[in-house]
Structures are given as structure tokens and as C-alpha cells.
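Residue numbers (the numbering used here), protein chains in the order written: chain A, 6 to 327; chain B, 8 to 309; chain C, 6 to 328.
Just so you know, these hints were derived from the structure itself, not from any lab. One should not assume that every hint holds.
[To be verified] Below, in silico cross-link-like pairs of lysine-lysine (BS3-like), each with a Cα-Cα straight-line distance of 27 Å or less: (1) C:Lys43 / C:Lys77; (2) C:Lys14 / B:Lys135; (3) A:Lys239 / A:Lys200; (4) A:Lys79 / A:Lys200; (5) C:Lys43 / C:Lys68; (6) C:Lys13 / B:Lys135; (7) C:Lys14 / B:Lys133; (8) C:Lys77 / C:Lys13; (9) A:Lys251 / A:Lys239; (10) C:Lys14 / C:Lys77; (11) C:Lys77 / B:Lys133; (12) C:Lys126 / A:Lys85.
[Unchecked claim] Facing chain A, from chain C, some residues (calculated, C-beta under 8 Å): (13) Glu219; (14) Glu223; (15) Gly233; (16) Arg235.
[To be verified] Across the chosen pairs, the derived CB separations fall in these ranges: (17) B:Ile226 / C:Pro251: 45 to 55 Å; (18) A:Gly78 / C:Ile119: 26 to 36 Å; (19) B:Ile43 / C:Arg323: 20 to 30 Å; (20) B:Ile226 / C:Glu56: 47 to 57 Å.
Ideal placement from N, C-alpha and C gives every residue a C-beta, glycine not left out.
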Amino acid sequence: MTTPVLQVSDLHVTYHAHSGAVPAVRGVDIEISRGETLGLAGESGCGKSTLAMALLRLVPPTTQITGSILLAGKDILTMKPGELRAVRWVQASVVFQGAQHVLNPVRSIGRQIDEATETHGRTRAGGVAELLELVGLGARRANDYPHELSGGQKQRALIAMALACDPMLIIADEPTTALDVMIQAQILQLLDEIKRERGLSMLFITHDLSVLSQIADRVAIMYAGRVIEVGAGKDLLRDSKHPYSKALAASFPIIGENTSRRHPQGLAGDPPSPIDLPSGCPFHPRCAVAVDQCRSIDIELRSVGNATNRRVACVHFGVRDG
Amino acid sequence: MRESGSTTVRAMTWARRRRAFSRVWRELRHDRPGFIGLLLLSGFGLFALSAPLIADRSSLLAASGRNNPDLAAPSSKFLLGTDEIGRDVLAQLVWGSRVSLFIGLLATVVAVVIGSLVGLAAGYAKGKISAVLLAIDDFFLVVPFLPLAIVLAVILGRSPTTLAIVIGFTSWAGSARLIRAQVLTLSERAYVERARALGAGSWHVIVRHVLPGVAPLIIANATLIVPTAILTESTLSFLGFGDRLSPSWGKLLDGAQSSGSITINAWWYFLPPGLCIIGIVLAFTLLGRALERIFDPRLKGR
Amino acid sequence: MSRRYLLKKVIGALLTLSGVVVFNFFLFRIIDRDPLAKYRGRSKLTLEQRETMIRRMGLEGSKWDQFVVYVKSVFRLDFGRSFDSTQPVLGEITARLPATLFLVGVSTLLTICIGLYIGTKAGWRRGSRFDRTSTSAAMVLYSTPEFFFGMLLLAFVAGRTGWFPTGGLRSVGANYGFVGNLLDRIHHLVLPVLTLTLGYLGSYALIMRTSMIETLGEDYLVTARAKGLRDSEVMSRHAVPNALLPSVSLIAISCGFVIGGAITTETVFSYPGLGLATANAIRNNDLPMLQALFLFASAAVILFNLVADFVYALLDPRVRRAE
Chain A
6 MTTPVLQVSD
16 LHVTYHAHSG
26 AVPAVRGVDI
36 EISRGETLGL
46 AGESGCGKST
56 LAMALLRLVP
66 PTTQITGSIL
76 LAGKDILTMK
86 PGELRAVRWV
96 QASVVFQGAQ
106 HVLNPVRSIG
116 RQIDEATETH
126 GRTRAGGVAE
136 LLELVGLGAR
146 RANDYPHELS
156 GGQKQRALIA
166 MALACDPMLI
176 IADEPTTALD
186 VMIQAQILQL
196 LDEIKRERGL
206 SMLFITHDLS
216 VLSQIADRVA
226 IMYAGRVIEV
236 GAGKDLLRDS
246 KHPYSKALAA
256 SFPIIGENTS
266 RRHPQGLAGD
276 PPSPIDLPSG
286 CPFHPRCAVA
296 VDQCRSIDIE
306 LRSVGNATNR
316 RVACVHFGVR
326 DG
Chain B
8 MRESGSTTVR
18 AMTWARRRRA
28 FSRVWRELRH
38 DRPGFIGLLL
48 LSGFGLFALS
58 APLIADRSSL
68 LAASGRNNPD
78 LAAPSSKFLL
88 GTDEIGRDVL
98 AQLVWGSRVS
108 LFIGLLATVV
118 AVVIGSLVGL
128 AAGYAKGKIS
138 AVLLAIDDFF
148 LVVPFLPLAI
158 VLAVILGRSP
168 TTLAIVIGFT
178 SWAGSARLIR
188 AQVLTLSERA
198 YVERARALGA
208 GSWHVIVRHV
218 LPGVAPLIIA
228 NATLIVPTAI
238 LTESTLSFLG
248 FGDRLSPSWG
258 KLLDGAQSSG
268 SITINAWWYF
278 LPPGLCIIGI
288 VLAFTLLGRA
298 LERIFDPRLK
308 GR
Chain C
6 MSRRYLLKKV
16 IGALLTLSGV
26 VVFNFFLFRI
36 IDRDPLAKYR
46 GRSKLTLEQR
56 ETMIRRMGLE
66 GSKWDQFVVY
76 VKSVFRLDFG
86 RSFDSTQPVL
96 GEITARLPAT
106 LFLVGVSTLL
116 TICIGLYIGT
126 KAGWRRGSRF
136 DRTSTSAAMV
146 LYSTPEFFFG
156 MLLLAFVAGR
166 TGWFPTGGLR
176 SVGANYGFVG
186 NLLDRIHHLV
196 LPVLTLTLGY
206 LGSYALIMRT
216 SMIETLGEDY
226 LVTARAKGLR
236 DSEVMSRHAV
246 PNALLPSVSL
256 IAISCGFVIG
266 GAITTETVFS
276 YPGLGLATAN
286 AIRNNDLPML
296 QALFLFASAA
306 VILFNLVADF
316 VYALLDPRVR
326 RAE
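With the rest of the complex left out, here is chain A:
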């Protein structure tokens, strides 16, 4: 077997704020192989975006990251600043959420894309024009400034920017959030095409499970800084095991499946604050099927007997050791 494109083991990310340490990611293992797309889903505040930013060490400098992040076999966490800069965007790039201020308002789109290739000495034959055409924006858009683009166009520009240095992994951080449904579908399709044509691996982060059925080969669900269920994409979405995944899946319709309807009852309560996690399984206060044991023991991810590759962190599922 070849080395995976990305292999994250026992990753902990802890912010240091005025009020004290904030453990945003608490022991996550994920793996993405070549050409594979892993969907990472969860409510806001579950640590998925922190995880994404930690992959290229884009978290604030006071943040503590432990574990290992192997990108093409090399550990990001032990790299010197120069090595890290050389890896950024060349091996893995990020498609940020265009609705936020991720584009510099006073630099033209073209210059911001060019900047990436220039920094890494990877001038492209077709230049910025080719990239912009590829994502369906006219080459002329290079001279435009972010405020002159619509939300969907900005998202396309961000995709073009992410492709500038031909990375092998794309980290897509909520790329369809805040777009209307039509544009959302277009962007998803664009990402899917590009990924297939170029054999790219992708980590697709979203709070919206319905988009994952379209694009993800495998899906991981995060809750309170941990992955609580992981498995093959459609399989997991159709038949979630963990009570949290179930509730999450129930609140989104799966596109193209008539049987799946928006579930009338949402999830009660709010996700826990990372500085004040409940004992045992962090989901137990919101869980309908919690038992006494859930209050004291936090179950690790473990295989579920009958489903292939499915791993769940719940007392009700999986093999009970001893």
C-alpha cells in the first residue's frame, strides 16, 4: 500500500486564551489516500475548522499542537519555518469560505493568485488566465478586486487560487456555506470535476451533511473536538450509528434521495463549550439513549461488527473488550 497523502494521528490542538486553555481538538486520527475525498462534518464549534487550520499550522502562534500530521510522509509539526512555507500551498492548499474576508480587498484577484505561484517559483505557462478559465471565470476577471465579484465568483476565484501550485491535497473549509442552493451545486460540481480530472485528494469540511453525499468518499463526524463516527460516505449518511450522527443526518435532507426528508425534530441543546466539557461521553447530556455508563466513560472509536470500515465511538455499538 502506498503512503497516504495525509495521515493525522492523535492530534490535539489547544488554544491559549485569556480565560485559560481551550482544547479545541482532542485526539483525532484521520487518513486520506490518493484521490480520496474525506468529508468532515459537525456543528460549529466542534473543532473541524481548527483541525483544518492546524494541518498547515495556520493557527495563532500561541496555540499548542501535539500528535503528528504527516503530509506525504513528512511531519508538518516538526518542520522548520522555511520548510513549512515551502510545503504550504504546494503540497496542500486551502479553499477558504469566500463569504468571509479571505481575499485582500485592496489587491486584484490576479495578483493574489499570482502571488502564490511567484512565492514558490512555479510560474504557470497559462498564467492566471488559464486558472480563471478553468474555474469558469473569464480571464479578464484577473484585474478585478474582490468587492467587484459576487459570492459565487469569489468562491471560484478561491478555487483557482488553491489550484495555482498544483497541490496534491485540497483542504476545502466550508466552500459552499453562505451561497444560495443553485450556486452551491455549481461549486460542488466544479470541485468534484477538478478533483477527478487531477486526481486530487480533498478534505471537505462542512456543517451541512447533505453536500457530503455528493462529493465525499468517506465521512467523519466530529463532536466536541473528537471524531465520533467514520465510515464510507453514502453508507454512513444513510445509516448513521452514533446517536449524534443520526440526529445530525436527520436534520439535513440528502440530495437526490426521496426517502430522506428534513426531520422535524432538531437536536436539543447546544454543543458543549470546549472549556467546560461534560464528563464521560461529551454528548451524553443531549443524548436520548444515554445510559449511566455514558456519564463516566468516554468510548474510543471502535469497529462496528457488520459494517465495513465503520468505526463508532458509542457505548451502544462495537465490540466490547473485556
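Use these hints to put chains B and C onto chain A, whose structure you have.
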């Protein structure tokens, strides 16, 4: 019944104010620059209060220096030496602190009153009135305020009180703008809209609902106007305004400059008032910035 | 640049300027009921001379008549004669203008460059030793009246070392040839420029530091870092161009203070520019001179604000390319 009801409301209001005050005090104690500013300010306050203990007011009179040596270096008799007509510099310095503080504070009151009125009106009123007030505000923001203050002081007179009013009149534009912006945000808040919907008059809404909301901002802003007012006062005094017989610190510097104390390096004459100005301006600025940080959490970490 | 923006700003500046002209009349003819009362030699005037003066100052007839006369004379740049020197005010001003322009120009340039540099570095490395030191220093500079700097420099630099002249524009009665005279002028300019620069360095540095800190949390800085840019590139290409925007407006507003600074600085160093002329006019109650100086100062500030609006538009495509 109604009366007891309003008493409880009042008691609650006071309890809330007390809590707010103690919160500000707690945060101020932990804000190092702000606390330094407060200490420095208390020091200057004590200095100004102790004036009669340090020197008799009569030592400011021109006649008081008649028998003293002119521009004498510090000695046990004159701790900070004498000026060009033999008056005690320390006496002028300690009495001058009252003049400087008086002008600075009075000017601030004038500026804050005009600024708040214009700001509240421009923020609360709509349409033409607001536009006219804004245009006036813009005008006063652009017109260079020191030349304007100079012109006004030449025309209106050179006494300390006139100076204070002139300074206040030329430095309200910034606060008006600030307060207007705050009023605009506040008027969109639910409780103000509710009050308006319940038929409360404009005056009632402003006094009861909008003013308490902008009060912290006005306090912080006022604390930051004092230092500029004191700086302006010293500049104007240095340029010849003010009263030579009851000199502010700026006026002392004017005396030091025109008496040639610099050429003969009579440092005891020009150094103390200059350092006092720096100290008091620094004190108010540190305190004002700290209050801004406390009242407006968005500014944390500046 | 969008033509409408330009036009709007120019018209705005002209409106403000005419506002100043009207305001000036209001100050000197309405608030001040009897301008001639400030004329020191008035007791010695004969009745005829007095009437000539009233006519020359445009004090005849109703306030409206006076206003018309005043506006006409402003358009002719005729500001009457100085009470003090009895020479035409315009000539007095134009003769002194270059010296002040030079002093204010050089020190403003220095203040902006150094202040923005220090503010940028301090804000970018917030909480660092450089930040703590420079911010404390900037606070002290900000709290110091600029003329006190001048006095300190005179007493402890010029006085003690004798390296610099204590005042004036050039060495009186000396001729060192073209280059020599130029150097002599620069020699005289060092301390005044230093005074004015120190006086306003603090506030510029603080303004820029605040803008920088506000920019630090922006998402596009994360984008730039993700692309593999060096820290210095992230700062210079992405943080600074954005942090400059609010600074430009604030600096434009603070230039009114610099004019005040020029008045006291020129006084301390007996530097014969418009500032010293203002100080003399104050001491002599020279109303015609003050009136014109106030107009000139206001016009200068309005012009500077207009320039700042253009600079802003050049820096911000959202303004430049707005339709």
C-alpha cells in the same frame, strides 16, 4: 402602590449603577497603564490642593519678587529658584497647576456639552436637521482649531475663563461625531424602539434610554479631551494669552522663553512646568484610553 | 479614478473653503464689533486718517455692504494692511510662506515616514519589547507640547554643544556662495524640523499601531500565510496596505495640529515664517494679519484633506473603482 413601585425601580437603578461602577473600578485596577494614569492624576490633584500649604498666593504678585535675586538657581529658600523678576518658581508652579487644571476641565465641560448635544441631536433627529448638524460638525473638524482658537481669543479677550470657553468651543467636533455614531447604533436596539413604540416622547427616550447608553462613551471621551485641552491651553498661553500674574504652566513656559532663561540655561524655570504638562497630559491620556478599553471591549489589547 | 468621486471631493473642499470665508467675516466683523479698537495707534489718528482707515478696512455701511466689500477683496486676495508694519498683508504672507512650507513639509514627511514605520512594527509585533518601548515613548511624545521640545533642544543641544544655531533662517550677514548658503539654511533648519517631528511623531505612530492591530485579525492574512508567504511579506503586502486606509484619514485630520505646532516652533527658534508672524500678530493685536493667516491656515488644511482623499482613493480600489 405606585410610589413604592417607583422607589424599587430607583433602588434597582442605583444598585445597577453601583455594580457598574465597581466593575469599572475592578477592571481599572488591573489595567496597568490606566492605573498608573489614575495614580499620577491623584498626585497632581493633591499637588493642586496643597497650593496654599506650599506657598502663599501673594508670592505670585510682581511686587513679591522685588527683594529677591532674579533668575536665581534653586536654594533652600527657593526650592525651584526664581524667575526674571525674582518671584518664587515653585509658588507659581503649584498655583499654576490650579490654573491649568481649571482651564483644561472647564474647556472639556464646554466641549462635551456642545459635542453631546450636537451628537445626540444629529443621531436622533432624521433628515434635514441631522444633515445640517453634520455639515457644521464636518466644518469644525476641518477648520484648524488652533488658529481658530487664536482668532477667537484675540477677539473675545485673554482671560483664563475666556480661553477655556474658546478651547471648548473649538474642540467638540470629534466627540459629536463619536456620540452620533453611538446613538445610531443604540436607536436600533430593541428597548429604544420599544420605548418609542409605546409613545414615549423624544426627550424622554433620549434622557431615559439613549443617554445612559452613551454615558460611558462620553466619560471616556471627556477624559481624552482634557489632555488636548490642557495642551491647547499651554500653547495659547505660550503664544501670549493668559494671565501673567496667575500663570498656568504654559504661561510659565512663555515667561521662561521670553526672559531668556534658556540661553542662560536656567533649567529650574522651564523644566518643571514642561514636565508637569507632560505628566498631567500623560495621566489623563492613560486613564482615558483605559476607560475606552473598559467600556468598549472591542478595543481590548490596544 | 472615478470622476464623480473626484468632483464630489473638490466641490466639498470648495464649499468648506467658502464656509471659512463667511465664517471669517462673522468672526472679524460681527463677533468683533469694533475692529479698529484693537489698532494701537488709534489715539494718534486724525479724524481724516480714521475715516480713511475705516474705508480701507471696508467697515462702512450696513453689515451686508461690508460683506460684499469683504468678499470682493478676498477674491482679489486683498487683505488690507497690517496694523503693525502698515504693509499690505498679502505681501507679508507671501514673503514668509516659503520658509514655513519648507519647515512643515520636511517635518511632515519625516513624521509620516518614521511614525508609520514605528506604528507598523509595533502593531505587527503587538506586546513585543519593541511594541512596549515604542508605545510608551510615543505616549510621552504625544503628551509633550512641541515647543517644550524646542526649548529643551535649544537649552541642552544648541546651548551646550554649540553645534546648531539657536534661531533664524540663516546666518545674518554671511555669504558662503550658493552651496554654502544652502547648507547654512539646512543647518538652521535641523532643530526646528526635529522639534516639529518629535512633536507629532507620537500621535502618528499611535494611529498606525491601532490600525495595524485592527488589521491583525483579518482573514486575508491567514490566506496569505497559507500561500506560504514570509511573515514580512504578509505584513508589507497585505496588512500594511489595509492598515494605511484609516490612518490616511486620521493623519489628514491631525494636520490641523501641525499648523499649530509650526506657530510655536517658529516662535521658539525665531524662524521667520508664517508661524512667527502669527505669534507677532497675536502680541500686536494685528487683526488684518490674523484674519488673513486664519484664511491661509484653513485653506492649507482643506487642501491637505483633499490630497488625503485622493491618496485614500489611490490606496482603496473600493473607492477608486466605485461607479
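Hints, one by one, checked against the model:
no.	hint	result
1	C:Lys43 / C:Lys77	holds (24 Å)
2	C:Lys14 / B:Lys135	holds (21 Å)
3	A:Lys239 / A:Lys200	holds (18 Å)
4	A:Lys79 / A:Lys200	holds (23 Å)
5	C:Lys43 / C:Lys68	holds (19 Å)
6	C:Lys13 / B:Lys135	holds (20 Å)
7	C:Lys14 / B:Lys133	holds (24 Å)
8	C:Lys77 / C:Lys13	holds (26 Å)
9	A:Lys251 / A:Lys239	holds (13 Å)
10	C:Lys14 / C:Lys77	holds (25 Å)
11	C:Lys77 / B:Lys133	violated (37 Å)
12	C:Lys126 / A:Lys85	holds (24 Å)
13	Glu219	violated (12 Å)
14	Glu223	holds (6 Å)
15	Gly233	holds (4 Å)
16	Arg235	holds (7 Å)
17	B:Ile226 / C:Pro251: 45 to 55 Å	violated (24 Å)
18	A:Gly78 / C:Ile119: 26 to 36 Å	violated (49 Å)
19	B:Ile43 / C:Arg323: 20 to 30 Å	violated (40 Å)
20	B:Ile226 / C:Glu56: 47 to 57 Å	holds (56 Å)
In summary, the structure is inconsistent with hints 11, 13, 17, 18, 19 from the numbered list given earlier, while agreeing with the others.
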